[in-house]
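**Student:** Here are the chains, one letter per residue:
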Amino acid sequence: MKPFVYSRATEAAAAVRQVSNERSAKFIAGGTNLLDLMKSGVELPDRLVDIARLPLAEITALPQGGVRIGAMARNSTAANHPLVRERYPVLTQAFLAGATGQIRNMASVGGNLMQRTRCPYFYDPAMRCNKREPGSGCSAVEGFNRIHAVLGASEQCIAVHPSDMCVALAALDAVVRVQGPEGEREIPFDDFHRLPGDTPQQDTNLRHGELITAVDLPALPFAKRSHYLKVRDRASYEFALVSVAAVLDVSGGRVRDARVALGGVAHKPWRAREAEKILTGARANEETYRKAAEAALSGARAYKHNTFKIELAKRAIVRALSTAGGSGA
Amino acid sequence: MSNEIGKPLSRLDGRPKVTGAARYTADTPIEGLTYAVFATSTIPHGRVTKLDVSKAEVAPGVLKVLTHLNTPKLKPIQHPPAGQSLMPLQDDRILYEGQPVALVVADTWERARHAADLVRVEYARAPFLMDFTEHLDKAVTVKGFFEPDSKTGDFDRAFNSAPVKLKQNYHLADRHHNAMEPHATIAAWRRGKLDMYDTVQGVFVARTVIAQALGRKPADVRVRSKYLGGGYGCKGFVWPHQILAAVAAREVRRPVKLVLTRAQDYTSHGYQAATEQTVTLAAGRDGQLVALRHESVAPGSMSDDYVEYGAIASRTMYACPALETRHRIVRVNRGPGTPMRAPQEGPSMFGLECAMDELAVVLKMDPVELRLKNYAERDPTKGKPFSSKKLRECYSEGAQRFGWERRNPKPGSMREGHDLIGWGMASALMETYRFPATARVTLERGGTVLIESGTQEIGTGVYTIMPQIAADVLGVAPERVRLVLGDTTLPGAGMTAGSSTTMGVGSAVHDAATKLKQKLTEMAGGPIAPDAYADLLKRRRLEKLSAEGLWKPDGEAGTGESKEWTMYTFGAVFVEVRVDESLRVPRLARCVGVYSAGRIINPKTARSQMTGGMIWGLGQALLEHTELELNYGRYVAKDLANYLVPVNADVPDLEAYFVDEVDEHASPIGAKGIGELGAVGVSAAIANAVYHATGVRVRDLPITVEKLL
Chain W
17 MKPFVYSRAT
27 EAAAAVRQVS
37 NERSAKFIAG
47 GTNLLDLMKS
57 GVELPDRLVD
67 IARLPLAEIT
77 ALPQGGVRIG
87 AMARNSTAAN
97 HPLVRERYPV
107 LTQAFLAGAT
117 GQIRNMASVG
127 GNLMQRTRCP
137 YFYDPAMRCN
147 KREPGSGCSA
157 VEGFNRIHAV
167 LGASEQCIAV
177 HPSDMCVALA
187 ALDAVVRVQG
197 PEGEREIPFD
207 DFHRLPGDTP
217 QQDTNLRHGE
227 LITAVDLPAL
237 PFAKRSHYLK
247 VRDRASYEFA
257 LVSVAAVLDV
267 SGGRVRDARV
277 ALGGVAHKPW
287 RAREAEKILT
297 GARANEETYR
307 KAAEAALSGA
317 RAYKHNTFKI
327 ELAKRAIVRA
337 LSTAGGSGA
Chain C
747 MSNEIGKPLS
757 RLDGRPKVTG
767 AARYTADTPI
777 EGLTYAVFAT
787 STIPHGRVTK
797 LDVSKAEVAP
807 GVLKVLTHLN
817 TPKLKPIQHP
827 PAGQSLMPLQ
837 DDRILYEGQP
847 VALVVADTWE
857 RARHAADLVR
867 VEYARAPFLM
877 DFTEHLDKAV
887 TVKGFFEPDS
897 KTGDFDRAFN
907 SAPVKLKQNY
917 HLADRHHNAM
927 EPHATIAAWR
937 RGKLDMYDTV
947 QGVFVARTVI
957 AQALGRKPAD
967 VRVRSKYLGG
977 GYGCKGFVWP
987 HQILAAVAAR
997 EVRRPVKLVL
1007 TRAQDYTSHG
1017 YQAATEQTVT
1027 LAAGRDGQLV
1037 ALRHESVAPG
1047 SMSDDYVEYG
1057 AIASRTMYAC
1067 PALETRHRIV
1077 RVNRGPGTPM
1087 RAPQEGPSMF
1097 GLECAMDELA
1107 VVLKMDPVEL
1117 RLKNYAERDP
1127 TKGKPFSSKK
1137 LRECYSEGAQ
1147 RFGWERRNPK
1157 PGSMREGHDL
1167 IGWGMASALM
1177 ETYRFPATAR
1187 VTLERGGTVL
1197 IESGTQEIGT
1207 GVYTIMPQIA
1217 ADVLGVAPER
1227 VRLVLGDTTL
1237 PGAGMTAGSS
1247 TTMGVGSAVH
1257 DAATKLKQKL
1267 TEMAGGPIAP
1277 DAYADLLKRR
1287 RLEKLSAEGL
1297 WKPDGEAGTG
1307 ESKEWTMYTF
1317 GAVFVEVRVD
1327 ESLRVPRLAR
1337 CVGVYSAGRI
1347 INPKTARSQM
1357 TGGMIWGLGQ
1367 ALLEHTELEL
1377 NYGRYVAKDL
1387 ANYLVPVNAD
1397 VPDLEAYFVD
1407 EVDEHASPIG
1417 AKGIGELGAV
1427 GVSAAIANAV
1437 YHATGVRVRD
1447 LPITVEKLL
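Each protein sequence line maps, in turn, to chains W and C.
Remember, my numbering sits 16 above the position in the first sequence when you count from 1.
Remember, my numbering sits 746 above the position in the second sequence when you count from 1.
Chain W extracted, bound-state conformation (with noise of 0.2 Å):
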């Protein structure tokens, strides 16, 4: 690991002036995922700033009955803060159904939201990896792919991002809170996440030096019917190879309002509009979701190893959707 230089934060502006003025000074939280990528030889900055302790861990209520989460909250406390369980179930789920509960303990939501893919070619420096290194080419196009994305990929990369919370805030309509050397700004959730394109070294619009201080989820409160479906290979501990963060509000047998969003399929949570537009008005049954599970595929491609992701996606979308709407009632 290269030597860097570390200090920790004991507030916000400080941390933001330390980060900015150094090109390759990161912030560092629970560090779950970014000591890995530092030890791999990935990650190589010169200064960490440690935000761990920067007071922005408290999770609120706002007053048009929405959630506000600090970035400095841990995976598990947002798991199971009453306000987040009581209202966005299926971020409770999401949130349990990553990692393990050592990790979430020491997970951050802000840090969540930086994580970074976990293609196998990302992580050695030994292959060429355009998001590592841009410009060297992507190895995984050609190499084992099984993982990697089905949906809004480029050839220059097909990684997908790995985050589970994240696949619920993007249906969840979440926005980010972001505190820089220019002040703060708000960044609607499906604008964080970028898509690879000609520059997949880029994983997010967030701008060097901007920290993320809160994740406000807006009131929706049909909410409450809401399911996190996540499929892998192994029970537990493993990022999903397709999952379905599904909101739906059913009554009188018609699906009023949906929101659908999926993961481990493309380089950002990727919200299904062209799902929901089929599910909006029509009958909350199997066959709606079947057509709202093939619209939400259509632009899929696959690699030499995922194809089954395009089924597999589709076939989790319908269950998360009846599981989500249950029968129609």
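If you are wondering where the hints come from, they were derived from the structure by calculation, not from laboratory data.
Model, not experiment: these values are computed from the prediction.
It is possible that part of the hints are untrue.
Facing chain C, a subset of chain W residues (Cβ under 7 Å, in silico) [stated by the list, open to error]:
# : residue
1 : Asp62
2 : Arg132
3 : Pro136
4 : Ala142
5 : Ala251
6 : Arg331
Every residue, glycine too, gets a C-beta built ideally from N, C-alpha and C.
Go by the hints and put chain C onto chain W.
**Tutor:** Structure of chain C alone, referenced to chain W:
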């Protein structure tokens, strides 16, 4: 005899292990320690053309950078017992990715690791071979531990005239041991002698090979291994890093600690080679086998002849008059394979037991019935009787405990909610490898008993069962008996491998304890009560009284053969799997195993061995595979995030039972071995259950979701 044998005594080393008091190799405190880290080859085949160590050499804390240009020449070593004869840092040849090209020694581990990253290497690349399945035409016959081929009867004639025939290919994945504790070696030279703390399954074997490589007498080398955080075979043979740690310590004139990284664990000490198996069966309509041919091809290395015997179980398992087996390897640019729980029988029982299930389907016969129909009363290849075998009882007790009679044989016929339920079974078989061993048992002042033997504790329960055996003879409480092991200054013992320790070391301990009791009886002038031992010593003004024990198998060491008998352990495994009708991810729901494995010294630690084996088999069936990167000639990933082993959430209710058995032909204490047996048969039973659940026959492990969609 006080009947300590057979009691479910809790592990005597349980408390030190869970409290952290147990000291593992890398935790050994040594004065003046330095730290060594490898830089490894990024290409699979070629030569090192340029090595730039200038940045590494001047990095903070660095004491030495060893490469093939400055490492002293070592004496050649042979496989076995070396894991490989190829010694890195001796010349510029590269035969596999991950082969060490430099060893950096620094004053801290972090500095050594950083400096290792600063070593720059240029290579001349040569063409490489990775995937043996694409080069089956290059298969060669080599002599490993066993004869590559066997032939009994006239296969072609029997096959051609049989009414029912079946031929299928089965593929098992490359797997890695992934012991929780990575390999660690501490080497310290003191007055010309080498003192090593090493993560090994055999201290004496390590001493022999390390001394040979360094051109020293074994007496100049001491190797210690007090606790092992899992071995599973990868710490059995002796690997280059152990020797190079000793070389580094000599070069820097300070003790060196070398702990391999998790990634290096994938390329430094073997793996379980994949096997491509073909099973050809012919039977009468009544299910009687008339011809059986089992062929296996596995990847081998460029430097050595380790063979995974993926067909060997078929030589023994079923009574069949015409029986052939064949083993080949295809040399590839990877380090050599090595035994991994359970080698040989483990992979081969997958092909055989899946094929038997397929035959049962063709014959519309119950799988258990088919196996009973072909029950072997003696080894069909060697012709010898089994020293003990109660497999019939295993089948019937297992079936009864599992509830097998409620099975509807039709695939997909049993379900609950979204779950398709599958019930499958398989047999288990493992050869009883026997090795000689010695031990010393000492009565100490105060009446406590000390057992000394240079064996190893690799997690199996040796610290508990050896005291039980001595206590049983001497009539003292096992808690008053303590075992000291894992040191080449102790009485000699073999590797803790091949499920051989209970039998071998246990018999030596039994012999020593018996002799000690004789001495005490003679000294007392007649029978003496255990509570009078201490007084007797005191009266005789003795500090202690010792006896040496020895056991030697009456046949070739390292086999399960004696003049009259052939020795194996057996079992029957029954499993239930659940496969979601839509999502198609297979999960194990329960597993019942019943075993015929000789006398069980401690049913508690033994049960733990068997359930651990079942989990090992579950991993083989549903999760574990080391993926090859064919473009780079390496493994895709070398970490536990990509190599999936079962976690608690994958492991359901596991039940393990033993039939009552004492095998006095195998060892004086009636015991055989169990460490590997539990891992055999499980993957076949699971594959057979997946077929029963879904109607899809997966002949390619692991059984992952895409094979069932």
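**Student:** Against each hint, give a clear statement of whether it holds in the structure.
**Tutor:** Taking the hints in turn, this is what the structure says about them:
1. Here the hint on Asp62(W) is broken, as its CB sits about 13 Å from the closest CB of chain C, past 7 Å.
2. Because the smallest distance between the Cβ of Arg132(W) and any Cβ of chain C comes to about 13 Å, over 7 Å, the interface hint for this residue is violated.
3. Residue-level restraint check for Pro136(W) holds (minimum Cβ-Cβ distance to chain C is 4 Å; threshold 7 Å).
4. Checking Ala142(W) against chain C by beta carbon gives a least distance of about 4 Å; that is within 7 Å, so the hint holds.
5. Given hint, Ala251(W) at the interface with chain C, holds; its Cβ is 4 Å from that chain's nearest Cβ, closer than 7 Å.
6. With 7 Å as the threshold, the beta carbon of Arg331(W) comes within range of chain C, its nearest partner Cβ sitting at about 5 Å, so the hint holds.
Hint violations for this structure: numbers 1 and 2, all remaining hints satisfied.
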